[in-house]
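**Student:** What follows is each chain in one-letter form.
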Amino acid sequence: MFNFHYRLERNAIGFVLAIIVVASIGGFIEIAPLFTIDETVEKAPDMRVYTPLEVAGRNIYIREGCYACHSQMIRTLRDEVERYGPYSLAVESKYDHPMLWGSKRTGPDLARVGGKYSNDWMTAHLNNPRDVVPESNMPAYRWLLRNQLKTDDLGEHLAALRAVGVPYTDDMIANAPKDALGQASPDTDLAAGVTERYGDNTDVSLFDGKQGEVTEMDALVAYLQVLGHLTDVAHTTPQNEVE
Amino acid sequence: MISQLTRSERILAAFTFLTLICFGVAMAAAGRDDLIGTHGWVIALGGMAGVIALLRAYDAPEPSPSRLSEYYDDPSKVGIILTLVWGVIGMLVGVWVAALLAWPELTIDAAWAGFGRLRPVHTSGVIFGFGGNALIATSLHVLQRTTRARLPDQFSPWFVLFGYNLFCVLAASGYLMGITQSKEYAEPEWYADIWLVVVWVVYFSIYIRTLMRRKEPHIYVANWYYMAFILVVALLHIINNLAVPVSLGHAKSYSLFSGVQDAMTQWWYGHNAVAFFLTAGFLGMMYYYLPKRAGRPIYSYRTSIISFWGITFMYMWAGSHHLHYTALPHWVQSLGMAFSVVLLVPSWASAGNALLTLNGAWHKVRDDAVLRFMMLAAIFYGLATFEGSFMAIRAVNSLSHYTDWTIGHVHAGALGWVAMITYGSLYALTPWLWKRPALYSPKLVEWHFWLALSGTIVYVFAMWNSGVVQGLMWRTYNDSGTLNYTFVDSLVAMHPYYIARAFGGLLFLIGAVIALYNIVMTIRSPVPVASESASDVPLGWQPAATIAQAGE
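Quick note, the sequences are listed as chains A and B, same order. For the first sequence, the positions run 14 to 256 when the numbering used here is used. For the second sequence, the positions run 392 to 943 when the numbering used here is used.
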């Protein structure tokens, strides 16, 4: 064996190829089957896609680095299930490009935060967390209420998401900017199109409490309020892996 | 540096700069409504700076053929300065964000100053800015000395060094503007990722071309590690960053994979960025500078073979230990745990090999803070890899995951291993490259050593404590069978540890500033007469008489 190596280390190209082969094995065996084994991702026929406003909110969540302190992955541990809700299933992040499972909880898990707090609370909390939770060390995101949401290119965003596998229809893509405005403007004509395209359970609200304008706060709150609610599958399947 | 280029290399440089300007302006035009436009101008400015440098030295005579009888170290010299500067920037931002966790009001009402945008500036600044530049600078030096061949040309090393730093600038400025993919340690967007691939291909070509021209029959072990670093990082980087941009005028892209497949790919990347960027590359550094400084040969050649292939093979399986108890299938979690535990064998073999190399030179460790940096690095490498294997065990991970323990573990490796071996190597390398008899101040190296060690210990102990306390509070039940603490209770308990952590980081930062000062002063100190070392030249260009005594 050492004699073989003695020869190998005299051959630069051979050494390069050996490194590539030896290093490729582990990743190949662990990753490739995840695309081919059917049980890897559960079935969830009721699952809906993110609305354009929620996509925009998700992009703000990424932009501000929220994922660095908040996970979106409830593990199969008893205390986590009791604290945060049913443990996360793979299918629930099926449309998440990229996934935001996170790796650190400086703040709590957000996988099922949707619906736990009112829109008013969410807005106040994001604007300055210490107004509602005095002990919090979360940063204040005051600019979200000041910034108007950029909606004109959301159709292109949805089209790119369709290219990577999210089933958006032509209708959804064509109406993306209008739907983004409509979801945050419940009393306007645009609102009806949102529930028509994304389902009656879609939350159409004045998320940031401000009439007449759609801010980045609207988008982020809309996204946070849908977390855990794209599908009910985690609530309807038995949770038998809890340790 | 332009005057060192030959006529044909100057033409190649002009072509490269003009291409860069064209791409930059095209990006600026296509992305005039998007943040990518700003980055287009940054790239174009980079190209223009190159053109100006080229024009200013346009009339300079061609370098003389006698240059081929010397190693080409100027890119390494600039790389050393860049390493130290990025180190100070990255650690300064680190201390700042650590302080924000303890005192969140200590900031201004501006998006760029938010914790979430500054944090990746810290991580990328230290990993890619500090670590990456250190690897490029030292690898080019080690490569030439261990092959006894000069770099193949004068342009490509500069392209790699400045191209890589352009990537670092795009990354850091992008985070501040809000450009990020959110993939941990792979945050830069698609166009920066493509640029890094171009730089990396050239980097690899320098390596392979120099190896093909080597005068030594065997490829030295340090080069195995540097090669593994270059090759595997390319593999990881390309696969993990596969994405579809919204358009050519948008910085934003959507990753090709989603959900569980994306998570596994991300942590296959993430863990092996640690393995091949922060471990393999720096092991290459250790395998050259530690024996050189100690004046002892590597303790065991066979151990280095076993540990090299063990690390190269097994690390690539270990990423899934970041996803214990998640929606990742159980079989992948188990594989990741098993390989992570076995990984301790090659890791400790490397650490042990380094420490045993010091046998017979322990008096030097006592007297020489530079060598002591390297010894401490090997010890921390052993500690951090033991802790890593331990934390990869599912039951341990159920407590440690999501807590500050992970942060403590990372910093035991990053401060204790990566930064210590880097500072040790750069302190050794600087007088050699600049032909100075010694560093400006050995006393400042002592100061740096003790600041770095105490800073690391304060930091790591603070995070161990906070992590374990946090993990235990989250799972504590009271007598009535319900959870005893709210999340906010655990957050309040973290406050003293967050202050201690910021203090530990501050000590380490002061050390980094001292290192920058000491090395700059060394460079500015006067050159002694008759400094040329007869043996420090490529083989094949020396007068026949000197070959016999060349003993590198």
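I should point out that these hints are in silico values taken from the structure, not numbers from a laboratory. Small disclaimer: the values here were computed from a predicted structure and weren't measured. By construction, the Cβ of each residue, glycine as well, lies at the ideal position given by its N, Cα and C atoms. It cannot be assumed that every hint is accurate.
Quick list of simulated restraints, FRET-style, between CB atoms [unchecked claim]:
(1) A:Ser37 / B:Asn875: 40 to 50 Å
(2) B:Ile630 / A:Pro58: 26 to 36 Å
(3) B:Trp841 / A:Ala137: 25 to 35 Å
(4) B:Ala444 / A:Ile26: 32 to 42 Å
(5) B:Ala440 / A:Pro199: 44 to 54 Å
(6) A:Pro147 / B:Val560: 31 to 41 Å
(7) A:Pro147 / B:Ala440: 42 to 52 Å
**Student:** Return the numbers of the hints above that this structure violates; sort them in rising order.
**Tutor:** 3
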